[in-house]
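Listed below, chain by chain, are the residues.
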Amino acid sequence: MANTRPKADVVIVGLGWAGSVMAEELTRAGLNVLAIERGAWRDTSTDFPPAVDPDELRWHTRRKLLQPMSVETTTFRNRSGQTAAPVRNWSAYQFGWNVGGAGTHWAGMSWRFTPWDFEVASQTADRYGASRLAGLRDDGLLLQDWGVTYQEMEADYDRFERIAGTSGKAGYLNGEKVPGGNVFEGMRKREYPTPPLKDTHWMSIYRETTQSMGYNPFTIPAGNISQAYVNPLGVTMGPCTYCGFCDFHGCGNFSKSSPQACVLPALMRRPNFTVLTETEVLHAVKHEDGKTVTGVNCVTRDGETFFQPADIVCITAYQMDNVRLMLLSQIGEQYDPATMRGTIGRNYNYQTCASVSGFFSGAKMNPFIGGGALGVQIDDFNGDNFDHSDLDFIGGAGIMGYSTNGRPIQNMNGLRPGHKRWGSDWKQAYARDYQEAANIFVQGTSMPTRGAYLSLDPNYKDRHGQPLLSLTFDWNENDRKMAAWTTQKATQTMQEAGGEAISSDNQAAESWNPYKQHSSHTIAGLEMGADPTTSALNPYLQSWDCHNVFSVGASAFPNNGGYNPTLTVGALAIRAARAIHQTYVNNPGPLVEA
Amino acid sequence: MNRREALFSLGAMVASTGVAASAKEMKGYPTHTALSADHLPKPRMGGALRVFTDETDRKTLHAVIDRLIPADAYGPSASEAGCLEFIDDQLAGDYGAGTALYLQKPLHPENEEAIMGAPQFLSTPRERYDSGLKALEAYAQATWGGAFHALSPDQIDEILTGLEAGTIDLGAGVNGQAFFELMLQNTREGYLADPIYGGNRDMAGWKMIGFPGARYDYRPYVERRGEALNLSPVSLIPND
Ligand SMILES: Cc1cc2nc3c(=O)[nH]c(=O)nc-3n(C[C@H](O)[C@H](O)[C@H](O)COP(=O)(O)OP(=O)(O)OC[C@H]3O[C@@H](n4cnc5c(N)ncnc54)[C@H](O)[C@@H]3O)c2cc1C
Ligand code: SF4
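Top to bottom, those sequences are chains G and Z.
Mind the numbering: the first sequence is residues 1 to 594 in this note's numbering, read in order.
Mind the numbering: the second sequence is residues 595 to 834 in this note's numbering, read in order.
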């Protein structure tokens with residue numbers, strides 16, 4: 001390409017959570033890092049200070065910080081054989097597109113996965129017998145371990161929490177179970193950086209109720225920081241004000257963990273770091289040897305194209321675009337469900353969710369007092385924290401009583417069942433129920449299947465004429481049963497709490513489509529693993545096919561835990577970056593022999 | 595020279611030399627602190643309606659929204675709260691033009707509706723209001739022999755109920771049920787969004803439910819659990 005920029009040691013494609021954390025590690029190790037970000041530079045004082053942030057219409061309803069479908073969308077179908085249709089309007093998909101990525105406007109629930117989530121295959125066989133695992137596989141579940149264990153991830157989780165300032169209370173600290181924390185969590189070596197957030201009215205009801213039922217409630221670990229904090233990069237954060245304009249909004253208080261609040265102030269000051277904004281990577285360019293790439297082809301906002309050479313390319317463009325960029329760059333082989341050959345696009349899975357609502361006559365829940373990650377959860381029915389011997393599914397769900405927001409447009413249908421959504425009936429019902437409603441969210445595991453995968457769409461293109469990514473997915477029976485079972489537990493809890501007019505919405509009850517769902521957690525497609533025939537990346541997030549390509553995102557998870565993904569994405573980013581600067585640069589080549 | 599030095603430069607990066615001039619290159623932490631132009635609040639400016647310039651369209655929409663949100667003991671009607679101006683302003687901007695939407699062909703209406711569980715459109719919200727309001731007027735003329743806006747509240751409620759249930763066919767390529775949802779969504783947005791956008795006059799929608807508006811710090815209140823806090827609402831811009 002005529003336009004060629006000077007070579008960088010490392011190119012980072014997409015400067016969101018994963019990209020900024022990798023860039024921080026790699027620049028600190030002395031490498032020259034160039035990040036290329038499709039979206040614009042956005043920062044606290046210039047883009048979402050308190051004077052513009054508490055605006056539901058603009059940030060939540062119209063999603064002005066998110067990536068519009070006109071920039072890039074995906075197509076969708078439930079199964080092979082159907083013709084996929086493009087997602088034309090806003091949906092469950094919530095892609096970031098600014099410096100900071102979706103990390104700028106996420107909610108902040110900051111979970112470590114359980115040890116079981118990393119080893120579903122082997123731990124299922126160990127606990128329930130090899131025949132149980134074989135049976136699940138016969139049913140079409142593509143269960144496989146991650147090639148890395150929770151214990152191996154602990155230091156990386158810890159590092160990410162320190163950068164993020166995560167608030168919370170340990171429940172399993174250096175071998176001791178600590179009441180009040182999450183006693184089901186994997187063992188931690190340190191307490192959380194900042195203490196847990198305070199309970200709202202609904203949270204305290206939920207906490208007392210679940211406690212009295214014999215469960216183990218705890219405050220959700222949050223990227224909503226509970227007190228002033230200076231992170232290891234020397235960046236200062238302020239306390240969360242429970243403003244209630246959190247997910248989909250930036251934070252005007254420097255209290256939401258984000259690349260802006262935690263990483264960029266330090267990263268941008270490093271002389272060996274540069275970022276190109278409003279510039280999109282079209283694909284990586286393969287070397288003639290077929291084993292490496294030489295750099296990336298890009299297009300600027302004004303349509304100018306250029307080639308950016310690099311020794312290492314890190315694809316951190318979010319789960320969907322990670323997979324798409326690998327396919328557009330022809331790195332690895334497209335997964336084919338008929339033959340089960342190929343690894344790119346394989347194992348797609350999601351987040352199996354349900355919700356239960358109830359109403360408390362005369363209550364003042366004051367729902368406007370909120371935080372994106374503000375809630376109390378029980379993990380008694382998450383992962384493999386309970387005995388599945390007599391159950392016809394594996395996995396489970398975190399069950400939370402939450403106070404994330406009281407945004408009036410978002411909640412306008414939160415009425416006791418039987419009311420109209422318009423007329424005086426709606427006004428009367430909403431005037432009462434806004435204060436009396438309470439909700440439980442059931443956030444469950446998701447297992448990959450043979451028939452769920454990502455590929456390039458044959459019909460639809462983006463604004464640059466490149467094919468859109470296409471998703472083929474529907475719920476599997478295992479996850480449907482899990483959702484039905486955990487939804488019952490949540491309903492019982494709502495009854496016990498004294499909720500009236502209880503209703504539940506089990507999202508797995510009907511076929512999946514992006515307009516019906518609430519979770520943005522799209523998972524897998526470039527899974528990590530120890531076996532190159534069933535994984536796209538090795539346990540260091542390095543491509544099995546091109547050794548100077550690393551990719552980090554939830555695309556690397558072979559299966560999803562009953563948790564939001566980002567802490568695990570951040571920990572994997574640190575793991576990959578450490579492998580690059582500690583090992584790879586000294587001896588470039590595969591870090592694991594295929 | 596060892597392999598590491600050969601491959602990796604390990605020093606400050608050379609400034610680029612004029613290639614891809616339109617790539618915005620940033621080094622160092624930006625020092626400017628002024629609000630980005632595209633993140634400045636964009637209040638509705640007073641004055642005439644910009645989209646609903648056709649009198650019949652305007653009257654039809656006025657009649658619809660005041661049945662969706664009538665005046666009663668809980669607060670003013672939609673039009674009294676400024677929802678007509680709100681919808682007009684929204685349709686005049688990016689939202690009305692559908693700039694965020696993926697509007698590329700081909701559209702296979704039946705397949706897309708089957709796959710997505712709801713009808714999909716290549717038309718923008720502004721175009722859908724234009725065709726939808728005209729179809730409503732034609733429906734009123736054909737069915738009741740008079741203008742839509744002149745129908746009685748009960749007659750309008752009957753039409754809205756039928757649209758909501760999908761039992762009224764507006765013909766002319768207009769999906770009545772989807773158009774009902776669009777109007778219902780936008781009208782209630784107008785009632786509940788910040789007054790800066792022209793609706794929710796006197797914060798009537800927020801007062802109806804007890805939402806304190808564009809406040810940003812509830813630390814003094816979080817532990818006053820279950821109390822009636824009676825916080826008066828505030829808007830992003832003072833109304834007077
Ligand atoms: C409203 C909302 C709430 C959420 N809440 C939670 C939560 O509570 N807890 C949790 O764990 N997770 C949550 N998430 C998810 C979380 O935001 C993501 O998991 C996380 O940001 C993923 O990090 P990432 O680095 O993989 O991607 P991102 O942070 O999205 O960054 C990817 C970046 O790559 C850029 N990019 C994409 N393609 C290209 C290209 N071709 N060229 C150049 N740049 C490109 C994008 O513009 C983007 O900036 C939430 C997400 C949203 C939207
Ligand atoms: S709830 Fe807390 S963390 Fe979230 S935006 Fe408001 S102040 Fe920031």
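In case anyone wonders, no lab produced these hints; they're calculated from the structure.
From the three backbone atoms N, C-alpha and C, an ideal C-beta is built for every residue, glycine too.
Treat the hints with care, as some may be off.
[Unchecked claim] The calculated PhoX-like cross-link candidates involving lysine-lysine, where the alpha carbons are at most 25 Å apart (straight line), are:
#1 G:K481 - G:K516
#2 G:K7 - Z:K621
#3 G:K64 - Z:K636
#4 G:K516 - Z:K636
#5 G:K481 - G:K64
[What the hints assert, rightly or not] Far from chain Z, some chain G residues (derived; all Cβ distances over 10 Å):
#6 G140
#7 M213
#8 A228
#9 T300
#10 Q495
#11 S503
#12 T533
Original post:
Should the label of A228 of chain G as a non-interface residue stand, given a Cβ cut-off of 10 Å to chain Z?
Top reply: Consistent with the label, A228 of chain G stays out of reach of chain Z, its closest Cβ about 13 Å off (over 10 Å).
Original post:
When you look at the beta carbon of T533 of chain G, is every beta carbon of chain Z farther off than 10 Å?
Top reply: Holds, because the least Cβ-Cβ distance between T533 of chain G and chain Z comes to about 30 Å, which exceeds 10 Å.
Subject >> Beyond 10 Å from every chain Z Cβ - status for S503 of chain G >> reply: Consistent with the label, S503 of chain G stays out of reach of chain Z, its closest Cβ about 20 Å off (over 10 Å).
Original post:
Holds or violated: are the alpha carbons of K481 of chain G and K516 of chain G at most 25 Å from each other?
Top reply: holds, 19 Å
Subject >> Distance rule for M213 of chain G, whose beta carbon must clear each one in chain Z by more than 10 Å >> reply: holds, 20 Å
**OP:** Measure nothing beyond the straight line between the CA atoms of K64 of chain G and K636 of chain Z; if it is 25 Å or shorter, mark the hint as holding.
**Re:** holds, 12 Å
**OP:** Could you grab the alpha-carbon distance between K7 of chain G and K621 of chain Z and see if it respects the 25 Å cut-off?
**Re:** Cα-Cα ~16 Å, so holds.
Original post:
Are all C-beta atoms of chain Z more than 10 Å from that of T300 of chain G?
Top reply: Label violated. Min Cβ-Cβ 4 Å, cutoff 10 Å.
Subject >> Distal placement of G140 of chain G relative to chain Z, Cβ over 10 Å >> reply: holds, 22 Å
Subject >> Hinted pair K516 of chain G and K636 of chain Z, Cα distance within 25 Å >> reply: violated, 31 Å
Subject >> Agreement of K481 of chain G and K64 of chain G with the hint, judged by alpha carbon distance not exceeding 25 Å >> reply: With a Cα-Cα distance of about 37 Å, the restraint between K481 of chain G and K64 of chain G is violated, given a limit of 25 Å.
Original post:
Would you say Q495 of chain G is clear of chain Z, with no C-beta pair closer than or equal to 10 Å?
Top reply: holds, 20 Å
Taken one by one, the earlier hints fail for this structure at numbers 4, 5, 9, listed in ascending order.
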